[in-house]
Amino acid sequence: MSHKEEKVLLGNEAIARGIIESGCHFFAAYPGTPSSEILPAIVRFKKENHLDTYVEWSINEKVAFENALVATYTGKRAAVAMKQVGLNVAMDPLMSSAYIGTVGGFLIVSCDDPGPFSSQTEQDSRFMAMFAKVPVFDPANPKEAQMMIPLAFDLSEKYQIPVILRPVLRVSHAQQTITFNPIAKVERKAHFEHNPQRWSATPRFRYFLHKQLNQKIKNIAESFNSMTALNFIENDKGKANLGIIASGIGYSMARDVLLELGLQGDIPILKIGTPYPLPVEIVEAFIEKCDHILILEETEPVIELQIRDKSKLIGRLDGTLPNEGEMLPETVTRVISDLCTKFSIPVPPMISTAPLEKMVADLGLSVRRPTLCSGCPHRASFYALKKAFPNGIFPSDIGCYTLGMNLESVDTCHDMGAAVTFASGLYQAYHQDGKDIPIIATIGDSTFYHSGTPGLLNAVYNGSKFILCILDNSIVAMTGMQPTPETGITADGHPGKSLSIEELVKGCGVKYLKVVNPYDIKGMIRETEKAYQYTLKPDGGMAVLIARYPCIINQKDQLKIKPIRVDIRHTPPPEKGLPPLKSKEMPSSLLPVYHEDTCCQCDTCVIQCPEEAITREGDRYIIDYSKCTGCRVCAQECPTGAIEMPVIGACIGCGYCLKRFECPSLVKGEEGRVVIDRLTCVNCGLCLEVCAQEAIYQIE
Amino acid sequence: MNIQMIISGVGGQGVLLVTRIISDYVLREGHSLIGSEDHGMSQRGGSVITYLKIGDFNSPLVKRGGADILLSLERNEALKTLHYLRPSKNGQNGGLGFINAPDPNYMNEPIRHYLRDNGIEIHIFSADRIAMEMGSVQSTNIALIGFASAHPRFPFSHEKLRGSIDRVTPPKFKELSLKIFDRSLSEGQKLMNL
Chain A
1 MSHKEEKVLL GNEAIARGII ESGCHFFAAY PGTPSSEILP AIVRFKKENH LDTYVEWSIN
61 EKVAFENALV ATYTGKRAAV AMKQVGLNVA MDPLMSSAYI GTVGGFLIVS CDDPGPFSSQ
121 TEQDSRFMAM FAKVPVFDPA NPKEAQMMIP LAFDLSEKYQ IPVILRPVLR VSHAQQTITF
181 NPIAKVERKA HFEHNPQRWS ATPRFRYFLH KQLNQKIKNI AESFNSMTAL NFIENDKGKA
241 NLGIIASGIG YSMARDVLLE LGLQGDIPIL KIGTPYPLPV EIVEAFIEKC DHILILEETE
301 PVIELQIRDK SKLIGRLDGT LPNEGEMLPE TVTRVISDLC TKFSIPVPPM ISTAPLEKMV
361 ADLGLSVRRP TLCSGCPHRA SFYALKKAFP NGIFPSDIGC YTLGMNLESV DTCHDMGAAV
421 TFASGLYQAY HQDGKDIPII ATIGDSTFYH SGTPGLLNAV YNGSKFILCI LDNSIVAMTG
481 MQPTPETGIT ADGHPGKSLS IEELVKGCGV KYLKVVNPYD IKGMIRETEK AYQYTLKPDG
541 GMAVLIARYP CIINQKDQLK IKPIRVDIRH TPPPEKGLPP LKSKEMPSSL LPVYHEDTCC
601 QCDTCVIQCP EEAITREGDR YIIDYSKCTG CRVCAQECPT GAIEMPVIGA CIGCGYCLKR
661 FECPSLVKGE EGRVVIDRLT CVNCGLCLEV CAQEAIYQIE
Chain B
1 MNIQMIISGV GGQGVLLVTR IISDYVLREG HSLIGSEDHG MSQRGGSVIT YLKIGDFNSP
61 LVKRGGADIL LSLERNEALK TLHYLRPSKN GQNGGLGFIN APDPNYMNEP IRHYLRDNGI
121 EIHIFSADRI AMEMGSVQST NIALIGFASA HPRFPFSHEK LRGSIDRVTP PKFKELSLKI
181 FDRSLSEGQK LMNL
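These protein sequence lines map, in sequence, to chains A and B. Just so you know, we're using our numbering here: the first sequence kicks off at 1 and counts up by one. Just so you know, we're using our numbering here: the second sequence kicks off at 1 and counts up by one.
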């Protein structure tokens with residue numbers, strides 16, 4: 001017997017392995033956590049095994065879906081992968097594909113993110129399957145995901161219907177020992193059979209297709225009853241006081257918890273691998289045998305809702321399990337323990353860890369919030385944009401740059417592409433009232449390709465005027481450095497065609513376009529102000545800035561070209577041991593002083609003050625010294641020098657850089673004074689621009 | 001072998017390498033493994049926690065109070081993950097934790113008291129210092145495994161761990177990593193009076 005290769009793989013790699021082992025010919029994906037690792041693993045297995053699988057990173061999920069779907073019309077096997085909210089983008093083709101069906105097998109991998117850890121919603125893709133009326137497989141762990149995929153392809157081909165595989169994050173990102181199976185050779189040459197009645201069915205025929213679909217789903221549900229690899233009973237023992245129906249990660253958790261509690265022989269589990277369509281026969285027969293049924297499924301009560309008689313059910317609908325957040329082993333342990341106690345099943349007592357958790361919580365340890373990396377060009381962009389328009393509205397989008405909210409330069413983050421449409425809608429809402437305010441939308445390059453252009457076309461067409469700043473770091477950084485169309489490299493590393501954002505923007509009808517270097521903060525502030533002036537012109541329109549600088553994590557060499565080492569002065573000669581202004585010990589000679597005679601009443605100081613310490617009263621300004629932190633931004637920004645304040649040339653602990661620049665390498669030291677964390681500092685030198693007290697200086 | 005484990009630290013400390021070393025070990029020994037990793041959105045400096053379950057397990061998460069072993073590369077992250085260690089009813093042979101921290105007495109008395117009462121054994125060791133002294137600040141992770149492997153209840157033998165480090169560590173760091181491992185092992189034997 002030959003020894004099979006075994007490896008510890010990530011769930012997503014096991015899924016890729018399953019897809020490759022099924023002889024899949026065509027694979028498309030758009031990156032998104034927790035699905036992004038599937039495609040690179042497909043490419044790896046393809047290369048290792050010299051396969052000719054077609055692989056692409058698509059522009060977005062809808063494009064990926066349609067590309068792969070039509071490949072199945074030619075008889076080939078195709079798969080597409082995305083995160084759960086990506087399936088929202090592909091919902092349109094999904095709905096229709098259920099009616100029209102496929103020829104070759106079609107697998108949709110939609111990775112859910114209960115928690116959520118890095119998504120807008122906790123939505124359950126199994127509901128999407130139910131809504132579209134396509135079967136869904138819910139793997140319990142990476143190993144089962146790998147095993148399910150060939151079955152899913154076979155099912156898809158037998159019934160000519162797309163099949164969804166729904167791993168949750170704890171499957172996609174779990175690591176498990178995986179045995180490699182042989183790769184099936186599925187010979188298929190592309191052959192598209194003309195059949196307009198089916199492929200371009202009119203509404204009248206859609207009715208018949210719907211009827212066919214309903215029949216397919218009914219037949220599939222019946223076939224699931226006997227697919228014991230997917231749906232089976234463990235510890236089957238006739239009558240039981242308590243039984244568990246579990247699907248996906250809920251099953252894995254149930255097994256581990258029962259084992260830990262020593263109940264594995266006492267409580268039967270009906271494991272459901274196919275939550276839709278539900279294999280009703282075995283489910284009802286199981287319920288019949290048990291007095292009470294606990295349902296464990298992630299994230300929504302998909303199985304629970306499909307069971308007609310709910311009288312014995314315990315689960316999410318009755319609130320026993322929380323209806324939001326990730327299912328945790330301690331919750332499942334507590335629920336099973338409580339039920340055992342209630343139904344007189346002996347169970348060992350649990351030792352609570354709550355006292356220890358409370359003791360640790362009382363220590364008030366800081367929680368590290370995510371921040372943009374040291375040297376990230378987005379930080380420079382956000383700093384410049386906020387500096388140019390402190391009172392602007394900043395719609396933004398999905399990506400690393402959502403973290404611009406830490407720098408107060410991101411006001412909204414909704415869904416892919418919404419930066420552009422939100423900005424457009426905001427402009428029109430204000431414009432309707434005759435008011436034009438600075439609106440600066442930020443969107444990443446990949447997100448712009450994904451779904452930014454329709455919003456831009458719409459804005460140009462309908463006469464919206466705002467600044468769109470495309471943060472172009474030439475990579476999909478957030479999800480692990482996937483190439484963008486601009487990179488000119490295809491998913492499997494071959495040279496592709498490199499697209500130009502400039503051409504794309506111009507093609508959308510934009511007349512004002514500037515490419516700026518965000519590392520030149522002053523230049524970027526200037527260009528942003530110029531762009532705003534253009535939007536205000538009667539014959540002006542949309543202004544687009546492309547802030548172009550490579551992702552610093554991806555292109556570390558960029559920083560080796562011209563490292564700028566900086567330091568922060570703490571004791572300015574001659575004043576030693578300067579007290580922080582916040583301590584109220586700052587001598588009044590160092591505070592800002594307002595001179596009415598030279599003031600031009602432009603409101604700059606009011607707008608620029610990060611603490612809202614300056615207010616206008618009639619035609620003069622009042623400085624509230626109880627709010628003033630001494631950052632000196634007002635004096636720096638006043639165009640007429642009407643605010644006088646000496647430059648201290650040392651850190652006074654005002655916190656301006658921490659608030660508006662928020663670099664992980666600038667950290668609070670003694671007495672609130674800022675110090676540089678040398679371990680993380682990448683010598684980008686960007687912070688030199690930030691301190692108006694000129695405490696940050698370059699080391700020669 | 002049924003072992004549940006937590007490895008915690010912050011981004012950039014090499015939690016992942018520890019996971020890879022243990023995975024290699026377990027695979028070689030022919031045991032099954034399932035695990036998962038939590039890390040926030042941040043690339044650097046954020047909390048990182050790995051759950052590892054070796055043996056007959058199906059789900060990747062370790063429950064609170066379920067871990068046999070805790071390896072923590074950072075003092076605060078150690079505190080935040082202490083509650084994963086398994087308390088024991090009779091106050092003996094509960095979870096076993098190894099923590100990298102400069103001050104062996106940094107935990108307050110009530111916490112130490114709770115751990116003692118519940119049979120949770122904690123060993124604190126400045127893996128940072130050893131790594132730094134030996135000229136590789138990045139090797140705190142290796143130093144901590146070396147230290148832990150001196151304990152008789154640590155479930156992985158130090159000789160076989162050495163083999164896994166040899167296989168998994170990038171060639172550039174291999175020689176130094178092994179030296180750091182050996183040095184920490186003997187420090188561990190000394191400090192834990194073994």
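Hints in this document: simulated from the structure, not taken from any laboratory. Keep in mind that the hints are not guaranteed to be accurate.
Derived SDA-like pairs (lysine to any residue); straight-line CA-CA distance at most 20 Å [claimed, not checked]:
1) A:Lys668 x A:Asp567
2) A:Lys668 x B:Pro170
3) A:Lys358 x B:His113
4) B:Lys89 x A:Leu679
5) A:Lys7 x B:Pro170
6) A:Lys511 x A:Val460
7) B:Lys89 x A:Val460
8) A:Lys358 x B:Leu115
9) A:Lys556 x A:Thr680
10) A:Lys562 x A:Leu679
11) A:Lys7 x B:Leu115
12) A:Lys627 x A:Leu679
Covered stretches of chain A, going by a simulated chain B footprint (3 or more residues, C-beta under 8 Å) [claimed, not checked]:
13) 65-73
14) 246-255
15) 329-336
No residue lacks a Cβ here, since even glycine has one placed at the ideal position from N, Cα and C.
Verification of the supplied hints:
| no. | hint | result |
| --- | --- | --- |
| 1 | A:Lys668 x A:Asp567 | holds, 14 Å |
| 2 | A:Lys668 x B:Pro170 | violated, 35 Å |
| 3 | A:Lys358 x B:His113 | holds, 14 Å |
| 4 | B:Lys89 x A:Leu679 | violated, 43 Å |
| 5 | A:Lys7 x B:Pro170 | holds, 19 Å |
| 6 | A:Lys511 x A:Val460 | holds, 10 Å |
| 7 | B:Lys89 x A:Val460 | violated, 70 Å |
| 8 | A:Lys358 x B:Leu115 | holds, 13 Å |
| 9 | A:Lys556 x A:Thr680 | holds, 13 Å |
| 10 | A:Lys562 x A:Leu679 | holds, 19 Å |
| 11 | A:Lys7 x B:Leu115 | violated, 37 Å |
| 12 | A:Lys627 x A:Leu679 | violated, 34 Å |
| 13 | 65-73 | violated (count 0) |
| 14 | 246-255 | holds (count 5) |
| 15 | 329-336 | holds (count 3) |
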